[in-house]
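Fit chains B and C to the known structure of chain A by using the hints.
These protein sequences, in sequence, are chains A, B and C. Here my numbering is used: the first residue of the first sequence is 1, the next is one more, and so on. Here my numbering is used: the first residue of the second sequence is 252, the next is one more, and so on. Here my numbering is used: the first residue of the third sequence is 553, the next is one more, and so on.
Hints are supplied without guarantee of correctness; some may be wrong.
Covered by chain C, per the in silico footprint, the following chain A stretches (three or more residues, Cβ under 8 Å) [what the hints assert, rightly or not]: (1) 108–119; (2) 195–204.
Residues from chain C shown here face chain A by an in silico Cβ test under 10 Å; the list is partial [unchecked claim]: (3) L605; (4) A795; (5) G802; (6) P816.
Quick caveat, the hints were computed from the structure, so don't treat them as lab data. Quantities reported herein were computed from a predicted structural model and do not represent experimental measurements. Even glycine gets a Cβ: it sits at the ideal position worked out from N, Cα and C.
Listed below, chain by chain, are the residues.
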Amino acid sequence: MSLIEIDHVSVTFRAKGREVRAVEDVSFSVDEGESFGLVGESGSGKSTILRAICGMAPVTAGTIRIGGKALPSPRGSGFATQVQMVFQDPYASLHPRHTIDRTLSEPLAIHGLRDSDARVVQALQDVGLPPGFRFRYPHQLSGGQRQRVAIARALMLQPRILLLDEPTSALDASVQAEVLNLLSRLREERGLTFLMVSHDLAVIDHMCDRILVMQHGRAVEQMRREDLAQARMTTPYARSLFDASADRMLG
Amino acid sequence: MTTLRAWLQDPSPTSRRQARLGQLWLAWLRIRRNRLAMAGLVIVGILLLVAALAPWIAPHDPFVQDLGNRLKPPGTPGQWLGTDDFGRDILSRIMYGARITLYIIALVAVTAPVLGLLVGTISGYFGGWVDAVLMRLTDIFLAFPRLILALALVAVLGPGIENAVLAIALTAWPPYARVARAETLTIRSSDYIAAVRLQGAGAPRIILGHVVPMCLPSVIIRVTLDMAGVILIAAGLGFLGLGVQPPQPEWGLMISSGRKFLFEQWWVATMPGLAIFIVSLGFNLLGDGLRDVLDPKSAPK
Amino acid sequence: MTLLDVRNLRVTFDTETGPVEAVRGVSFSLGRERLGIVGESGSGKTMTGRAVLRLIRPPGRIEADAMLFDGQDLMRASDREMRALRGKRIGMVMQDPKYSLNPVMTVGDQLTEGLRRRDGLGRRDAEAKALAALEAVQIRDPQRVMEAFPHELSGGMGQRVMIAMMLIPEPDLLIADEPTSALDVTVQAEVLSILDRLVRERGMGLIFISHDLRLVARFCDRVLVMYKGKVVEELEARHLLEAKHPYTRGLLDCLPRIGGPRGPLPALDRSGAWAQ
Chain A
1 MSLIEIDHVS VTFRAKGREV RAVEDVSFSV DEGESFGLVG ESGSGKSTIL RAICGMAPVT
61 AGTIRIGGKA LPSPRGSGFA TQVQMVFQDP YASLHPRHTI DRTLSEPLAI HGLRDSDARV
121 VQALQDVGLP PGFRFRYPHQ LSGGQRQRVA IARALMLQPR ILLLDEPTSA LDASVQAEVL
181 NLLSRLREER GLTFLMVSHD LAVIDHMCDR ILVMQHGRAV EQMRREDLAQ ARMTTPYARS
241 LFDASADRML G
Chain B
252 MTTLRAWLQD PSPTSRRQAR LGQLWLAWLR IRRNRLAMAG LVIVGILLLV AALAPWIAPH
312 DPFVQDLGNR LKPPGTPGQW LGTDDFGRDI LSRIMYGARI TLYIIALVAV TAPVLGLLVG
372 TISGYFGGWV DAVLMRLTDI FLAFPRLILA LALVAVLGPG IENAVLAIAL TAWPPYARVA
432 RAETLTIRSS DYIAAVRLQG AGAPRIILGH VVPMCLPSVI IRVTLDMAGV ILIAAGLGFL
492 GLGVQPPQPE WGLMISSGRK FLFEQWWVAT MPGLAIFIVS LGFNLLGDGL RDVLDPKSAP
552 K
Chain C
553 MTLLDVRNLR VTFDTETGPV EAVRGVSFSL GRERLGIVGE SGSGKTMTGR AVLRLIRPPG
613 RIEADAMLFD GQDLMRASDR EMRALRGKRI GMVMQDPKYS LNPVMTVGDQ LTEGLRRRDG
673 LGRRDAEAKA LAALEAVQIR DPQRVMEAFP HELSGGMGQR VMIAMMLIPE PDLLIADEPT
733 SALDVTVQAE VLSILDRLVR ERGMGLIFIS HDLRLVARFC DRVLVMYKGK VVEELEARHL
793 LEAKHPYTRG LLDCLPRIGG PRGPLPALDR SGAWAQ
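In isolation and in its complexed conformation, chain A is listed as follows (with noise of 0.2 Å):
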């Protein structure tokens, strides 16, 4: 059964009188445990998915359903124990005057949770971080450390699912192996599912069991990973995307 259902999503922006179509007409489903990637360049609207299903951004047709129900609008407290996300920038999703303390706490005051002190420090244990870092400011803080203290403030509610966009584009290469082994283990010990937005085809590859392709706000072309690897892809955008990828095959 499937967790997350898109169906025949579409997003319009209203900006000065004039619409802007970002999502048209999309649908995908991803199933429980599943890790899920949509890849496309700027501007084809799969970053502007990620935002409808947190109620960012004005969903004008369709419905998303969470594990089978339509989700309410606005969100409410209970989604946010289901669905969390990791954003692209980690310089920008940290609050610049929080100490990693406060942030990682702040989602356990808000709902209420007791035992903060002790689930700070295991958070922080989970995604590497040594405990000396619970009083830092993000600004005392590498790129990567950041986006660890990011997933592990996703993860501090616990949810079934995690949206992940683009986590790694900023990113240095040694920096992104660590950040996606992270994932991919935390993904493994929790049971996780994943929704992962990138422009990179190698980092979807290496995250993701299916992938849609997206352009110009449609979805293109649905497929597995297999395909992918061996370049079976039936329409001609999302060839000309993998040709541009191509230094990033294996051997």
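Leaving out everything else, chains B and C in the frame of chain A:
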């Protein structure tokens, strides 16, 4: 001393308090390199000291009249800044006046910015009709000349320090609301606000816990820069007889009473004027320096 | 023929908590070729590029035994001489065109400003030259772009405008700092081919700063690999993907590959002597 410094500069603090003090220490190191800001800090520090110690360091009682000694020029032994038309020592009166000035500044500083910050962040965060209503209200207050509005309020409420402060505070908040709103508009769309909203936080929590701390530095800077203006308005109200009442040694009032002798006995009005000038300058320099230290955009990565 | 010769370049920043060395003794020379500088963030690659133009603000300091550009020692040049070199003989393209273009001037005004002020060209001549420059970077509708404001352009378009702007004075050396990192792969290829043509046709020297090893291997002639302010390896770009140095090797190995194994990606080992 070295262990304290090491404790403050520890890159991995072990408690919230140490982390916060470490931040303050770094801010102090930054402001210490800015000479003008240090000059401002010294002036404000001297103002605080003089106000606190006035009864002990003032050479004379500021209220005792000595008509035989009236209008002595500066440099007279025992009365180094001269005496006014009732023979009161001007230096002592300036020293006691520092207390009144500080009292007004403190009261304004805890009312106007808080009101402005709340109006601005609420307006910016919610947008829509809330924004429209609050900002039009701000516009109305901004449209009045400050001194005229303060005059009108004092005329209704009656003269006195508290009413003067209320009048100043009510006319001083709109600029803070504008600054806070402009900042909130950019903060509102940032990822860290999206993240905390995604965790189910409500609007009051987001505004007070996440938006206000980001607006605070620019408001603090504005407050210090505006302090000079507040001192001048308070002095202006005193000068017009609508603020502090005689025989209180308020600086504006002292200038007002010295006006009559401005051409023959210039010091009576000039000495308190100089005090206002120096303190205003001190707050301005400090505000400029704080801008460099507190502005998150200028903070090193 | 050597265009730029840098010997023992150091960039130091004095901070509250003591001096920080961003570049620690970098030496290289450049002919009319494409030199790549690769490294992770904090490796000093951007600072190296900026130091050549002496664009390091206090509290940063630049020191070098020599920094010769076409026979002129940049370390001894006066501020006035440096200003004359910047833009005219040494151009620089930054990562994000949004921050490098003036938001309140049209593209046309920005492109012609230098021509009219510095070279004393008339409005018509300057505009003709600007249009030609936009055409040279493959902008299809140069007349419309000339009248546009920077925010009306897409990222790829803005980056091409930046390159056109740098190329109008026909510099001998172009320093491009991550010029394609903000662009989509398909646009990236176009921008690179433009730079490539300029090097070949005009005999320009190019310093190409990037974090993307695969891109540099494909595009450059020679590569410096930097780590913590030092050059750890210098080699021919076509041999980059077969590099032997443990750091370069580690950077290459930790990249995921399409169709590669699913297990954990190898982590970069920073314990070697090179990491000091």
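Now the hints, each set against the structure:
Coverage of the region 108–119 of chain A by chain C is violated. Counting CB-CB distances below 8 Å, 0 residues qualify, and the rule asks for three or more. With a threshold of 8 Å between beta carbons, the proposed coverage of the region 195–204 of chain A by chain C holds, since 4 of its residues qualify and at least three are required. With a least beta-carbon distance of about 25 Å to chain A, the hint placing L605(C) at the interface is violated under the 10 Å criterion. A least Cβ separation of about 14 Å between A795(C) and chain A goes past the 10 Å threshold, and the interface hint is therefore violated.
At its closest, the beta carbon of G802(C) sits 7 Å from a beta carbon of chain A; the interface hint therefore holds under the 10 Å criterion. Because the closest C-beta pair between P816(C) and chain A is about 4 Å apart, less than 10 Å, the hint holds.
The structure fails hints 1, 3, 4 (numbered hints given earlier, in ascending order).
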